[in-house]
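These protein sequence lines are chains A and B, in that order.
Quick note: the first sequence, position 154, residue 154 per the numbering used here, numbers continuous.
Quick note: the second sequence, position 173, residue 173 per the numbering used here, numbers continuous.
Incorrect hints may have been included.
Capping the alpha-carbon separation at 25 Å, the derived lysine to any residue pairs in SDA-like fashion look like this [what the hints assert, rightly or not]: (1) LYS32/B - SER348/A; (2) LYS15/A - LYS232/B; (3) LYS15/A - ARG155/B; (4) LYS31/B - THR351/A; (5) LYS36/B - ILE344/A; (6) LYS32/B - ARG469/A; (7) LYS31/B - GLU477/A; (8) LYS31/B - ARG472/A; (9) LYS31/B - ILE344/A; (10) LYS232/B - HIS216/B.
For the record, the hints were derived by calculation from the structure and aren't laboratory data.
Given the structure is predicted, the values throughout are model-derived calculations rather than measurements.
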Amino acid sequence: MYFTYLRRELSGRTKQTVIVAAGLAIAIALVIIVNALTAGVRDAQTQALESVYGVGTDLTVAGAQQEPGEGDGARFEFGEGGGATADDGTTTLAQSQLRTEMGRSTLDATTVDTISGIDGVSSASGALSLTNSTFSGELPEIPAEGATGEAPADGAPQGGGGFGGGSFDVDSFTVLGVDPAAQSVGPLSSVTVSEGRALETDDAGQNVAVVDATYSTTNDLTVGGTVDVGGAAMEIVGIVTSSTSSTDTASNVYIPLDVAQSLADVGDVVSTVYVQAATADGIAAVQEEIETALPDTTVSSQSDLASTVSGSLSSATSLVTNLGTWLSILVLAVAVVLAVLFTISGVSRRTREFGTLKAIGWSNGRVIRQVAGESMVQGLFGGAIGLAIGLGGILAINVIAPTISSAPTTTSEAGRDGGPGGGGPGFASVAQTVSDITLTAPLTPWVLVAAVGLAVSAGLVAGAFGGWRAARLSPAEALRSVA
Amino acid sequence: MTMTEPHIDAPNEPTTPLYRLADVSKTYTQKKRVVKPLVGVDLEIARGDFVTIQGPTGGGKSTLLQLLGALDRPTSGRLTLGDTDLAAASNAALGSARAREIGFVFQGFNLIPTLTASENVDMGLEPLGLADAERRARVAEALAHVGLADRADHRPGELSGGQQQRVAIARAIAKRPRVLLADEPTGNLDESMRDEILDLLQALNDGGLTLIVVTHDSAVARRASRRLRLEKGTIRDITR
Numbered sequence: 001m002y003f004t005y006l007r008r009e010l011s012g013r014t015k016q017t018v019i020v021a022a023g024l025a026i027a028i029a030l031v032i033i034v035n036a037l038t039a040g041v042r043d044a045q046t047q048a049l050e051s052v053y054g055v056g057t058d059l060t061v062a063g064a065q066q067e068p069g070e071g072d073g074a075r076f077e078f079g080e081g082g083g084a085t086a087d088d089g090t091t092t093l094a095q096s097q098l099r100t101e102m103g104r105s106t107l108d109a110t111t112v113d114t115i116s117g118i119d120g121v122s123s124a125s126g127a128l129s130l131t132n133s134t135f136s137g138e139l140p141e142i143p144a145e146g147a148t149g150e151a152p153a154d155g156a157p158q159g160g161g162g163f164g165g166g167s168f169d170v171d172s173f174t175v176l177g178v179d180p181a182a183q184s185v186g187p188l189s190s191v192t193v194s195e196g197r198a199l200e201t202d203d204a205g206q207n208v209a210v211v212d213a214t215y216s217t218t219n220d221l222t223v224g225g226t227v228d229v230g231g232a233a234m235e236i237v238g239i240v241t242s243s244t245s246s247t248d249t250a251s252n253v254y255i256p257l258d259v260a261q262s263l264a265d266v267g268d269v270v271s272t273v274y275v276q277a278a279t280a281d282g283i284a285a286v287q288e289e290i291e292t293a294l295p296d297t298t299v300s301s302q303s304d305l306a307s308t309v310s311g312s313l314s315s316a317t318s319l320v321t322n323l324g325t326w327l328s329i330l331v332l333a334v335a336v337v338l339a340v341l342f343t344i345s346g347v348s349r350r351t352r353e354f355g356t357l358k359a360i361g362w363s364n365g366r367v368i369r370q371v372a373g374e375s376m377v378q379g380l381f382g383g384a385i386g387l388a389i390g391l392g393g394i395l396a397i398n399v400i401a402p403t404i405s406s407a408p409t410t411t412s413e414a415g416r417d418g419g420p421g422g423g424g425p426g427f428a429s430v431a432q433t434v435s436d437i438t439l440t441a442p443l444t445p446w447v448l449v450a451a452v453g454l455a456v457s458a459g460l461v462a463g464a465f466g467g468w469r470a471a472r473l474s475p476a477e478a479l480r481s482v483a
Numbered sequence: 001m002t003m004t005e006p007h008i009d010a011p012n013e014p015t016t017p018l019y020r021l022a023d024v025s026k027t028y029t030q031k032k033r034v035v036k037p038l039v040g041v042d043l044e045i046a047r048g049d050f051v052t053i054q055g056p057t058g059g060g061k062s063t064l065l066q067l068l069g070a071l072d073r074p075t076s077g078r079l080t081l082g083d084t085d086l087a088a089a090s091n092a093a094l095g096s097a098r099a100r101e102i103g104f105v106f107q108g109f110n111l112i113p114t115l116t117a118s119e120n121v122d123m124g125l126e127p128l129g130l131a132d133a134e135r136r137a138r139v140a141e142a143l144a145h146v147g148l149a150d151r152a153d154h155r156p157g158e159l160s161g162g163q164q165q166r167v168a169i170a171r172a173i174a175k176r177p178r179v180l181l182a183d184e185p186t187g188n189l190d191e192s193m194r195d196e197i198l199d200l201l202q203a204l205n206d207g208g209l210t211l212i213v214v215t216h217d218s219a220v221a222r223r224a225s226r227r228l229r230l231e232k233g234t235i236r237d238i239t240r
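Only chain A is shown next, with the shape it has when bound in the complex (with noise of 0.2 Å):
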């Protein structure tokens, strides 16, 4: 009798059921697109991460920050007998730089030695972030003083600028000089090779190199082909692609270390140290004691390197976490509340069959569980058609699969010292490492624990007031307010 009453009285109050249980479904329905969309924007972040620092990679080590100004600026030189003069007075001008990232110091190479004897450490491997820049172009004669300039016949300057019909270009490219025998950690560890071969230990000191897939693509490199480093010619042993979702991987040439070291003459240094802790739960102490020993340094861990994550990712990040959640709470209050005011309301309207069920022998508690049932039945309602619809949004964003770009921060910093003005090769190296990752909603046991929870619960409160609502209803002022 008690399923066929509840049955009976949701059935013939359809409105009140329908405008309840949906809005409790819209309330649900956003909660678990929301949740989805959180770990998705999580798993790229986690993705994006990992391009750039590699998988497993728990720590990584870096030089200290430079003051503006402070360091080697990146400048083109070229003194007499600099190019070559054609006859007509025309010269050409070619000149290839490697320089490592502007902003921040680099790191002894020993560091990578003091890093790995920390207890808690499982490997640890260093590589040097390096941007190769070539300047090509011709420089017209140099007209006679008074002389009147005449514009070249194909127009416009071409590539990075021009003047008086001279033209110039500025090709930069990224380039990590990596240890060949240490890949378990570090950019080579979220990269698979699609053609050729990854680099070997053997290829230390070796004019090897081994490229992005993206960037081989763009610039027609193939394997058996050579990529100009620094001046160097580097045979192409390999192509790389991403092992994550990310299109692109960290650099776009990787060699040897202690080739990039010689190459850029920089001494035996790194940039940065990518650290593995032994334990997840050691990650902490490993950090602190990193930073003790080498005070000098800047020690990121996952969660930091998760602050850096710019671009796109990081808009969805806040927009998700900040307007999505919000607005799933206000949703899922209106929602309660919504419930809540129905029932009271549902009670109020029915104290008549409420007071005649007390007048027959009906108990408080038999009342109650009634008013609650109902209640509960509306809202386990609200949440099967909410996860119907959490789970067709779900659907929809993975099927859409929108696409969005991230960059870490530090890229940014580095290009901040060399824009085009300062004629160095950091303003490119942004764009180079900017990738795209696309964005998936994952569905989880979760969301389906959410979804019944949140509908239980909403059910619950509803039908606690409800139920408190009918429980005070004397059957003698009930029948008397209604006679």
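Fit chain B to the given chain A structure using the hints.
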């Protein structure tokens, strides 16, 4: 026991009244005004009686019916239903008395509109905790007794006023109560329907069920074995 056989009291019980009221008063506050619908009422109602209570509106009839129906407690005085002191009983005891010993019939029928006739009757059996088969049997028997066996699956909206009141009576008698309390049971009915309901109530009383009916209708009062008049909170017997 069948529906025509009401609650059977112990052999020595017929000698004692079903209800005994001694100096019963009721006071309550309504809109900051103290209302005294009953003042020092002394009354005994015998088993098997057909009692009507008449009087002007606001004279305390409904309040007295609520006290007799264990819906409320008197402010002072003593009120017993059999051996149960309704004035001092707990809420649970009052609820139990309503569930097992008292049947209610209201002027507005008070049926649940979303339920069928048989389901409405079944609602009266809900507190008794009977087995399903027993419940089904009692529902069918009660509906047959009021002549609505063929309308068991109809909802109140599909029944006439007289039929709805019959369903309400079936709901009241299905539990086999000691007493049936009716508040203006014919107040919403036309003359022919009124007579149908009165015939039904008369038949129940003839079967041994105690009837206490609050009414303005002299036609109802004429059928009673005992007539009471309640005016300004005091009661007097006007049976001739």
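Right, here's what the structure says about each hint:
1. For the proposed pair LYS32/B and SER348/A, the alpha carbon gap of about 22 Å is at most 25 Å, so the pair holds.
2. The straight-line distance between the Cα atoms of LYS15/A and LYS232/B is roughly 46 Å, outside the 25 Å bound, and the hint therefore fails.
3. For the hint linking LYS15/A to ARG155/B, the alpha-carbon distance of about 20 Å falls within 25 Å, and the restraint holds.
4. Distance check on the hinted pair: LYS31/B and THR351/A sit about 19 Å apart at the alpha-carbon level, within 25 Å; holds.
5. Only pairs whose Cα atoms come within 25 Å are accepted, and LYS36/B paired with ILE344/A is rejected, the gap being roughly 32 Å.
6. At roughly 23 Å between alpha-carbon atoms, LYS32/B and ARG469/A fall within 25 Å of each other, so this suggested pair holds.
7. Restraint check for LYS31/B and GLU477/A: the C-alpha separation of about 14 Å stays at or below 25 Å, so the hint holds.
8. Proposed proximity of LYS31/B and ARG472/A is supported: the alpha carbons are some 19 Å apart, at most 25 Å.
9. A C-alpha spacing of about 23 Å is found between LYS31/B and ILE344/A, which places the hinted pair at or below 25 Å, so the restraint holds.
10. Note on LYS232/B and HIS216/B: the hinted pairing holds, with a Cα-Cα distance of about 16 Å set against a maximum of 25 Å.
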